[in-house]
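Now that you have both chains on their own, put them together as the hints suggest.
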Amino acid sequence: MATTDATTLSASVEPTLGVRRKSRTNFQLAKQRFFRQKLAVVGLVLVVLFLFCALFAPLLAPTGYADANLMDANKFPSREFPFGTDTIGHDMVSRVIYGIRTSMVVAFSAVALACLIGVPLGLAAGLKGGLLDFIVLRLVEIMTALPGILFAIFLMSVINSGAFKRIFVGGQVMNVVVVIGITSWVPLCRLMRAQILQLREQEYVTAARSIGATEYRVAVSHLLPNAVPPLIIAITLAIPAAIFAEAGLSFLGIGINEPVPSLGKMVSDSRQYIQLYWHLGLFPSLAIALAVLGFAFLGDGLRDALDPRQI
Amino acid sequence: MARYIIGRLISLIFVLLVVSFIAFTLMHAVPGGPFDTGERRLPEATRQAQLHKYGLDKSIPEQYVRYIWAVLHGDFGVPFQSPNDTVLGLIARAWPVTIRIGVPTIIISFTFGTILGFIAALRQNTWVDYTVTTVATLGLTVPNFVVATWLILILSTQLGWVPTGGWGEPKNYIMPVIAYSLAPTALVARYVRVSILEALHADHVRTARAKGLSEQRVLRHHVARNAMIPATTVLLPEIPNILTGSIFIESVFRIPGIGRFFVTSTTSRDYPMILALVLLVAAVWGLTYLITDILYTILDPRIRIGGGSMRG
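Residue numbers (the working numbering), protein chains in the order written: chain A, 993 to 1303; chain B, 328 to 639.
Just chain B, same shape as in the assembly (with noise of 0.2 Å):
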């Protein structure tokens, strides 16, 4: 297991080494520098100062080891969108506001899908199994922009209830955590039924049922269990990707968090902060993917795990 674990890290830091690689080279095909777009034009003396003081005036693989030796220090640099900070600073402050909306989206997303996808199961090829598939499907596919688009629609300018954005009011919570957390509902509880419908279905369940135990408690005991193995493996990732922010709910409802770094440093070409940012989200999800393979083995006492030959 350790060994296996061992094996995962140095393939994640690896991977983490290839996307920053290929990050950075994008980033550098790019004619121009962050100091010569339009708005801000400098002079070439200023501009010549500036690009030294970044460093930016080195030869491109020099600049690459260069930042990684900084990174490895702990130093990811200075966003080029405001100077008098530091790239970690900026996501310090930024990623506690994604989080505080992320948080709630969870909870409701995870206990909501739940219910519906229990209660669909055990009313299969029932209205009440058609209504929550067709709901989940619809809140699976349809944008979560178009659903902010909707919610802003009816709740702020119709009825007037909430503003239609902004950050800072207990009010300015309610509509990003509707629009955020439907697709995450909608995931939990298509899984959520379908491992119940298997589990249902399992030859342990008939078995419980012919010992003559209570229906509830073949359904506590026997189905509900099982069929929490699968949908916990499948559903741990969506909690580090909704931890990461949405761009379009940040960008939609105007609240500051990190998801929308993610444009503001793209368009402004901000090395720093995108590299820091592709890397953060990179490492968060190989994280969780590892994480959750190895909870699978204790959660699965039938699957085992050998020197890393369940890969892919």
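So here's chain A without its partners, still in its complex pose (with noise of 0.2 Å):
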């Protein structure tokens, strides 16, 4: 199924891109690194199952998210529950099916707002220099000094605990993206930084400086499109880290609570029943790991692909 959507993105792409020229343009030649690389495949067909998980997870999970039958509690795997029920009686395909569901909206939303945040403060700072890099610069070394994940734990219970109540008015879920996506923009900064900073002193930016090209063309033509490999790479590698800071925060019983279902919440309810029901800690613990290492994965096959330089 996975396979299958990876060949007809392929397919789709050809006819625009390769029919036209004989020469193979560089996202071919990316393309063709890219699927060389048998981890970077096994992840993209991790991530596209779990995105499929995601999307698809009211049609896909035999149950609702809170649906129990008590009749049916603590039962080990079986054909009728795979995966087995809980000490409630949910059926734990379904639990584990909704808890990727919010481990991938969780992590798509995190990254999303530390992009927003991350990358025009590097890019403002790589730009402009001077005060604003400094400030910048600050900000970040802040950032660094502040203990990521303790600080997420702060962030959390003081929000938690009813703070800021008219700007979080979000839920449970809305919470966490927010903690998350504060305490993770800095590496994204620091890269868009770094890269413009690299980019600006290459020849072509000099030769374009030199046949006239105002700074604003410099920046939008030259600039930006050579730092965005590198950025996508780090926002798919910044996914598996938002994945794991919600199912940690959760896991500390400070995150996503019930009836939300998360797989961090799940693996820590497990650890009480563990001597018994081996099943309530091993799927979601499992699901949590197949979704972390299928986006690192596909981040590091992006990296050798499209970065080749890199190591």
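Among the hints, erroneous ones may be present.
[As the list claims (entries may be wrong)] Which bits of chain A does chain B cover? Going by a derived footprint, with three or more residues having C-beta under 8 Å, they are:
1) 1052 to 1063
2) 1127 to 1136
3) 1235 to 1241
[Stated by the list, open to error] Part of the chain A face toward chain B, derived, beta carbon under 7 Å:
4) V1034
5) L1142
6) I1145
7) F1146
8) S1149
9) L1244
10) V1259
11) I1280
12) A1281
13) L1282
14) A1288
It is worth saying that the hints were derived from the structure and are not from the lab. Glycine included, each C-beta is placed from N, C-alpha and C at the ideal position.
This is the structure we're talking about:
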């Protein structure tokens, strides 16, 4: 299923790029480099699968995420319940599918927020320099000093307690998204700034300037396009980190809570029954591991395909 | 050099001040105080007396200034979660536990990571290399509480070799150290592999080979030595990272270290404890970055630091 998705994707791209010219474009070369790597393809398949689960959760899950039947509580995996049931009688298959949906929603939104903060800041710092650069750098320094997951825990508990009620009107999922977004924009900002600083010194930029290109034109048509591939890689690698963060916060009991299903919370809840019911922790934790691995393999593969100079 | 170090230290103090200010303001944005949470509702008079005792009835700026002043005198206050203790006392008791898990973790991860990275680099693009890089990605990305859950499932639930958690016996070290060392091992292996590969393709290595030096000599004197520079500077910050503990590992295996206090202190709104922990971790990190940058110049004489221009 996922592999056919990948091939249809490449098939739809070929006529527009491949047929017209005989020489291969950068995109095709990158694609070829990507599909040569087995792990990257595995990553792509996993990512497509998880996104499919997240998108079509209501169709795939046998029951709703809150549907429980106490008569079926604590069932071990069987033909009727492939992943078993939990202590209240939720079907674990449905719980895991909806948990994947929560993970994906949180991860993608949080990374989008991180991009919205980090990319413009990095761009501005790199392009303008001077005072702006100084301020952004100090901001980055302070954020780096605030210890990652610990700062997230701290922020989470502040928000959970009802502070900033007017700003955080959204539910618990929204709060987790905001906290993860706020605590993970720094690498993206740094990358963007470093890219701009490095690209600015390239010969083709000097060449563009020497034939009279304006600052704006240099920024938009020479610097930005070349900064995009590393950014895509960084975003792909930021997603597993966000999945990790959500699962972690929920695991500690300060992220997403009932009734919204979260894989991290499921792993955490399973601990008190771990001596008896091994299946409660196994399947959610496998889902987390495969989701993070999928994105990490995909990101590594993209890096090798798009930016062969880097290791 | 001395000027550079002093400049960095001043900037570190500035950062710590800002960090403490942010943490302080955020904490006080929380409605209600530590003495009106549900479980311990106090009579109004007692509550006022308590607030007065801890100085919580003052204005926020005044509280902040008082706090910083006290901290400068080595007084981090009294943790609300155990009022008969001091914050420093509590940390002094909990941190050694975290360090006792951290030291074996560091030894194991650096030894195994270096060996694995070295082997993978020397056998680049063979199955050995692929296995190491795959396992390294696995170790780096799979959350340690997931690994910890699997360890409990296998080692204690199925095999019954070790207790599921707790503290005090030598047996209690096994699972936390394994779960905790996976990620750093993976990180070390990845960086060592990359640096060795880079060094292997360097010009001076080709020259050394062209001179007819034995492969062993080339590897030991020309490759390993040069590869250690980037690896050391990237990997050194891992050490304080490990020594400040993992919230997940400590809560899964019920270890009474400082990692756990982050969660218990935030949920019980133990302001002095949270502030002290945030400052502690921020200070440890800041100092590590500084030491790493200085080490970098010592290890690699090509890099010069001038007047703090190396920032960012």
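To see whether the hints hold, each was checked on the structure:
1. 1052 to 1063: violated (count 0)
2. 1127 to 1136: With 5 residues close enough to chain B, the hint holds.
3. 1235 to 1241: This one holds; 3 residues, not fewer than the three required, reach chain B with a Cβ under 8 Å.
4. V1034: Hint violated; V1034 (chain A) Cβ to chain B Cβ min 10 Å, cut 7 Å.
5. L1142: holds (5 Å)
6. I1145: Holds. Min distance 6 Å.
7. F1146: holds (6 Å)
8. S1149: holds (4 Å)
9. L1244: Where the cut-off is 7 Å and the nearest Cβ of chain B is about 5 Å from L1244 (chain A), the hint holds.
10. V1259: Hint holds; V1259 (chain A) Cβ to chain B Cβ min 6 Å, cut 7 Å.
11. I1280: With a minimum Cβ separation of about 5 Å from chain B (threshold 7 Å), the hint on I1280 (chain A) holds.
12. A1281: holds (5 Å)
13. L1282: violated (9 Å)
14. A1288: holds (4 Å)
Of the numbered hints stated above, those contradicted by the structure are hints 1, 4 and 13, listed in ascending order.
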